[in-house]
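> Chain by chain, the residues:
Number of protein chains: 2
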Amino acid sequence: MRQGLSFEAPSVRDGDWEQMLRLFIQPDTEADRAKLVGYMEQILFGLQEFLHNHVGVTEEIGLKELALGYMDSTICFEPEKKLPEVISDIIDRIAPQAVNVSSPYFVGHMTSAIPFFMVLFKAIVAALNQNVVKVETSKVVSIVERQVTARLHRLVYGMEPDFYEKYVQSTDATLGVFTEGGTAANLTALWVARNRLLGPREGFDGVEADGLAEAYRAYDIDRCVILVSRRGHYSMRKAVGVLGLGNRNLVTIDVDGENRICLPALRRKIAEYKADPRTRILAVVGIAGATETGTVDPLRKMGELCREAGIHFHVDAAWGGPTLMSDRYRHLMDGIELADSVTIDGHKQFYMPMTCGMVYFRDPFHLDAISYHANYIIRRGSVDLGIKTLAGTREANSLILDSAIKVMGRKGYGMLIDHGIDLARKLAEEIRKRDNLQLVTAPELNILTYRFCPTPLKEALLRSCGAERTRLNEKINDININIQRIQRESGKSFVSRTAIDKGVPGGGETVVLRVVLMNPLTSLSILKEILDEQEAIYREYYSSLDLQGTGV
Amino acid sequence: MRQGLSFEAPSVRDGDWEQMLRLFIQPDTEADRAKLVGYMEQILFGLQEFLHNHVGVTEEIGLKELALGYMDSTICFEPEKKLPEVISDIIDRIAPQAVNVSSPYFVGHMTSAIPFFMVLFKAIVAALNQNVVKVETSKVVSIVERQVTARLHRLVYGMEPDFYEKYVQSTDATLGVFTEGGTAANLTALWVARNRLLGPREGFDGVEADGLAEAYRAYDIDRCVILVSRRGHYSMRKAVGVLGLGNRNLVTIDVDGENRICLPALRRKIAEYKADPRTRILAVVGIAGATETGTVDPLRKMGELCREAGIHFHVDAAWGGPTLMSDRYRHLMDGIELADSVTIDGHKQFYMPMTCGMVYFRDPFHLDAISYHANYIIRRGSVDLGIKTLAGTREANSLILDSAIKVMGRKGYGMLIDHGIDLARKLAEEIRKRDNLQLVTAPELNILTYRFCPTPLKEALLRSCGAERTRLNEKINDININIQRIQRESGKSFVSRTAIDKGVPGGGETVVLRVVLMNPLTSLSILKEILDEQEAIYREYYSSLDLQGTGV
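These protein sequence lines map, in sequence, to chains A and B. In terms of my numbering, the first sequence opens at residue 472 and continues consecutively. In terms of my numbering, the second sequence opens at residue 472 and continues consecutively.
The set of hints was computed from the structure by calculation and includes no laboratory data. In this text, all values refer to a predicted model and were calculated from it rather than measured experimentally. Since no wrong hints were added, every one of them can be taken at face value.
Copies of one chain are not kept apart here, so a pair can be met inside one copy or by any two copies together.
Cut-off 30 Å, straight-line C-alpha distance, at most; resulting in silico cross-link-like pairs (DSSO-like, lysine-lysine): (1) 637 x 535; (2) 535 x 859; (3) 535 x 877; (4) 553 x 877; (5) 946 x 929; (6) 552 x 882; (7) 552 x 637; (8) 946 x 535; (9) 999 x 904; (10) 882 x 506; (11) 929 x 973; (12) 552 x 877; (13) 929 x 963; (14) 882 x 553; (15) 506 x 553; (16) 535 x 963.
All chains, full assembly: derive it from the sequences and hints.
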């Protein structure tokens, strides 16, 4: 019965080997090709149409209820479904209950709509299915990866043209590596810094070979510390833990009133550790676009300080890096070129699909500190990119970035950056105008935080102190937690929430609402709608707020 | 001039914000939609047609020459190219100089053709662009990921149904995690083992918090060792290095005549380290499908040994894991269910596009040893999957695996596994029949190695000893290196080469040719063609082999 349907129903239900082979080759009849195009149209338009028409962020259904439909843990012997059914299921059942991160009303995380061509590029990369761990499975794609790596290195460091002439395709040098994401990029940077700081010396083969305990004995020290502001991304803590350094040795430095690392405090800490013969400073980390506030540390001053003290300076520009593409705002990254290593994410402000991270090194030979070889591939001296990466097998995401840069130019990416930053400033103005709201962190890039703090509460706060003030702040925190949750659950818009310690003067842990503006379809009027909805939620749930009950 | 072409030429050359927005929304006219379908057809058919017609592995052009075309390191302000040009470039310029890993003549690495629907699924994942680090950016997709994780866990461990009933959607438990690939999976397993072995005790907060040097002091030891056979993947060495344990503490155990870990030697080593109060055994690693030989270690015996000795038993089944889908061959994985943790790759024998790794844990709470939290996401007690992964942002590859399993069933994957193993056995027979060839490692799964060793040289080897034998072996190694290189460079077929120490009795480092059989389009007659080509190369270059000159 199914013979005539072989391509239409590409499953192996019939156990037919011929049918299996059909899955691995392209359709050769016009009718079969038309069906394949049909699938793709289903994906491109069915899915995209859903995502774009369904402006809301997600359907209203609780996670627990949703989970009940996904309890079966068996794998059937016979195929459970045919391909068209699986695709339809994704479009009709999964997509509506996923999160529409491409909605202009989804402004809560570092994820947004991406240009439609990114999906095409991702499909190309999957169809080519190259493995850039080695040239034997990638050839020219490894060469393209070297080129786009040099392009980004130049964007960050702007060395002389002859530097790039020499190193762009040099198999000895490595200007940077692509990673799974920012976490792996930060880990790679600190891994390099660790291995360089605790390299081989007499009677010791280096930390990579001999391990950390041996290294501390060889160097006669008790610990290594990494310094970062308290706005550092949690991946730093994780990286330090993985590397065996102990994540308590990630020392967080206080921030100033604008959420930037406090330079005098950093200087004091460096001096303190320098004076302690049992401690080494492994790295200082600057942030170029803090996850929670979008703040950029004073990179130039940090870089100078590190150079003076001979410390590895890493900049986590996972978020902010692409700001370098904007002529208007690249000055916000001033000093980034002093970094020994820089993390930039592709899936953030390069608008690539999940996932792509990168880490760049000023010195083309620093990555040698983590090189690994194997007999069957990535042989010593070879041109294989996998010698100096944390990952083995790796997707050719570099080809997506390379293609996107060609289509967009600095101009295109610059426009997106400019839009986000400009819009964030307008939103900040709007928030300042509204009595119920309080801007907590003003935007430096395209991220800001604010909170609900209606006038009577603001005034009460000013009059209060001690336990009274703590209790009031907790009350305000609760209000914000509830407003964010109710808005999220109602499914039309999404802002995120986080907690910033000392977010407001005299406050402790301050719950804030966080807006990230990267979707070019998000406009000020959409943002006003989002604020209006929040105000409506506030009125509905808190109009009868018993200010007496709160101690006011 | 370009106004009418806005969608046809989706670039921002004109600096028009409207045009930029068009990149982020789907086309709304019929004509525009047709153009988008056109692009996709270009990719699906242009690219696929090229890959399938161009049976050869790659075009003849040296890497150095190729690199000359990719020297420019600048990023243009204006877009360099329009989208259709970039796509055409990839199809016409990149693809021919990439490696056609989908060719049935490409049998050298663990990469092959993948079912065409995988490209569709990858496009879907990119279009949805969910970030499974947290439910706020993935919702139902996180739930799907939990389900497919339970499915694979059950395939590996086969616990009772009520175990899965309880844990499949439990937010407390974690049956496994998706990773970038096998390296990250192995790293995750050893990271968990490290943190569990060196957990908190009085006056010590655990290795993750306090670091390794502190941990060794608290436990009064000098080192931790990890034991694996000398056929272990190089990612083990890398993982041990990253974790700060010192990669010299990856202790390699000898193998028996069939490339399986030598159990008596393993027992001796375990006893030796157990007797040393200054050393702890962090893990024993079993291999289920060695990268170079495809061998499977005696997992059951290793598992029993580890259980008895209270040692974490990790199985690297990155390659072999999907053998569990085959009713005929799943017995080759016997004992895998005794492992504390198991690595399986999706982009290998689950035929997923690059990249997808996974690691499963028998105990649903072992992954707690590496949990990390952050304020703005993945809050303590939340259902966010990112709490227990090395990566932060993560692509929803789980959706691809889930979909593929539905379309293929165990039956479909089983057929692929069976084909590879059966074909490898036939190839082994064929090699045994040919006088110039010598089978070095017989296939257990679908990988084998062999070498050119013509009869006169074989006989001379038998008569020789000492330096004479070494010199002869080196000569044979050279021949094999050359044959593999010439065949690869001529671009039609690809087998890989590696070096196996003591590959042949009395031999030292033995260069071998390695065949990996996973492409269902590869047949015995294609393999005979590949061998014939090698024999022809041998005749052309070595017919006049001066046996006197080689000392024979």
